[in-house]
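Residue numbers (the numbering used here), protein chains in the order written: chain U, 1 to 111; chain S, 1 to 111.
For the record, the hints were derived by calculation from the structure and aren't laboratory data. Warning: the hint list may mix true and false statements.
A pair holds if it fits inside one copy or across any two, identical chains being indistinguishable in the list.
To be verified - Subject to a maximum C-alpha distance of 25 Å in a straight line, what follows is the list of computed DMTMM-like cross-link-like pairs (lysine to aspartate or glutamate): (1) 82 with 53; (2) 5 with 53; (3) 9 with 77; (4) 59 with 33; (5) 9 with 106; (6) 104 with 18; (7) 82 with 33; (8) 5 with 95; (9) 9 with 75; (10) 5 with 108; (11) 59 with 18; (12) 104 with 7; (13) 66 with 108; (14) 104 with 43; (15) 82 with 23; (16) 104 with 8; (17) 9 with 108; (18) 82 with 18; (19) 104 with 20; (20) 66 with 53; (21) 104 with 19; (22) 59 with 20; (23) 59 with 75; (24) 66 with 19; (25) 82 with 95; (26) 5 with 43; (27) 59 with 43; (28) 104 with 75; (29) 66 with 32; (30) 59 with 32.
These numbers were taken from a predicted model, which means no experiment stands behind them.
Below are the chains, spelled out letter by letter.
Protein chains: 2
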Amino acid sequence: MRNLKFDEKGLIPAIAQDDDTGEVLMLGYMNEEALRRTLSSGEVWFYSRSRQELWHKGKTSGSRLKVRLVWKDCDSDTILVKAHPTGPVCHTGNETCFFQQLTKQDVEVSP
Amino acid sequence: MRNLKFDEKGLIPAIAQDDDTGEVLMLGYMNEEALRRTLSSGEVWFYSRSRQELWHKGKTSGSRLKVRLVWKDCDSDTILVKAHPTGPVCHTGNETCFFQQLTKQDVEVSP
Numbered sequence: 001m002r003n004l005k006f007d008e009k010g011l012i013p014a015i016a017q018d019d020d021t022g023e024v025l026m027l028g029y030m031n032e033e034a035l036r037r038t039l040s041s042g043e044v045w046f047y048s049r050s051r052q053e054l055w056h057k058g059k060t061s062g063s064r065l066k067v068r069l070v071w072k073d074c075d076s077d078t079i080l081v082k083a084h085p086t087g088p089v090c091h092t093g094n095e096t097c098f099f100q101q102l103t104k105q106d107v108e109v110s111p
Numbered sequence: 001m002r003n004l005k006f007d008e009k010g011l012i013p014a015i016a017q018d019d020d021t022g023e024v025l026m027l028g029y030m031n032e033e034a035l036r037r038t039l040s041s042g043e044v045w046f047y048s049r050s051r052q053e054l055w056h057k058g059k060t061s062g063s064r065l066k067v068r069l070v071w072k073d074c075d076s077d078t079i080l081v082k083a084h085p086t087g088p089v090c091h092t093g094n095e096t097c098f099f100q101q102l103t104k105q106d107v108e109v110s111p
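Turn these sequences into a full structure, and let the hints steer you where they fit.
In structure tokens:
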């Protein structure tokens, strides 16, 4: 694929952002085919590392990500998809997967 | 580190977002020490995979990322840092590393 760097597993991280609110929704991984489908279908596809298969985001939950714009970063090793979510993106039911805050206490070295 | 999943290389991807504009600025990687320093110092640290060393973002360029809030995702394998950039984040001089759009043409299979 032109000018894109997939890692040794053939994957590239893809950030999904709500194009209306600016909220960062999740980070997934795409292989070439997932990216191709994302750009051609208008809905986000990932590659599930746990299930090792293509994953049409929202196929089961109904919460799909409608693609608005897709970007690559300066190093061509990260994707940013600005999208419109049709429902809660997170499997927990939250609108975003980032709902748990980290603080200093979380990284203190255990005694 | 409590409840965080680092990969087999001891790294976790970390999205940096401009807390004021909502713009996604870059994706970097942190090891435990980079995350610890990020949370304790108030400025973003990454681990540079190419240089294989801790990387105080902006130490050379002057464009630092002042930490506002840090989140982990539902799977505890991605970090989101909402920050205030003190200058252009990208080494190209752009405010964000995501300034190149991808289209269908970029993923067409070569003949």
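Hint check results:
1. 82 with 53: Close inside one copy (23 Å), not across copies (31 Å); limit 25 Å.
2. 5 with 53: both (20 Å within a copy, 21 Å between copies)
3. 9 with 77: Both: 13 Å inside a copy, 17 Å across copies.
4. 59 with 33: within (17 Å within a copy, 38 Å between copies)
5. 9 with 106: between (30 Å within a copy, 20 Å between copies)
6. 104 with 18: Only across copies: residue 104 and residue 18 sit 21 Å apart there, 28 Å inside one copy, limit 25 Å.
7. 82 with 33: within (19 Å within a copy, 31 Å between copies)
8. 5 with 95: between (30 Å within a copy, 22 Å between copies)
9. 9 with 75: Both: 18 Å inside a chain and 20 Å across chains, each within 25 Å.
10. 5 with 108: Classified as between; 16 Å across copies, 35 Å inside a copy.
11. 59 with 18: within (18 Å within a copy, 31 Å between copies)
12. 104 with 7: Close across copies (21 Å), not inside one copy (31 Å); limit 25 Å.
13. 66 with 108: Only across copies: residue 66 and residue 108 sit 20 Å apart there, 40 Å inside one copy, limit 25 Å.
14. 104 with 43: Answer is between; shortest inter-copy Cα gap is 13 Å, intra-copy 38 Å.
15. 82 with 23: both (10 Å within a copy, 11 Å between copies)
16. 104 with 8: Classified as between; 24 Å across copies, 33 Å inside a copy.
17. 9 with 108: between (33 Å within a copy, 21 Å between copies)
18. 82 with 18: Both ways: residue 82 and residue 18 sit 6 Å apart in one copy and 15 Å across, limit 25 Å.
19. 104 with 20: between (31 Å within a copy, 23 Å between copies)
20. 66 with 53: within (20 Å within a copy, 38 Å between copies)
21. 104 with 19: Between copies only: 19 Å across, 31 Å inside.
22. 59 with 20: This pair counts as within: shortest intra-copy Cα distance 22 Å, inter-copy 33 Å.
23. 59 with 75: Only across copies: residue 59 and residue 75 sit 20 Å apart there, 31 Å inside one copy, limit 25 Å.
24. 66 with 19: Intra 10 Å, inter 24 Å, cutoff 25 Å: intra and inter.
25. 82 with 95: both (15 Å within a copy, 17 Å between copies)
26. 5 with 43: within (22 Å within a copy, 28 Å between copies)
27. 59 with 43: within (10 Å within a copy, 39 Å between copies)
28. 104 with 75: between (31 Å within a copy, 19 Å between copies)
29. 66 with 32: within (19 Å within a copy, 35 Å between copies)
30. 59 with 32: within (19 Å within a copy, 35 Å between copies)
This entry satisfies every hint, going by the numbered hints stated previously.
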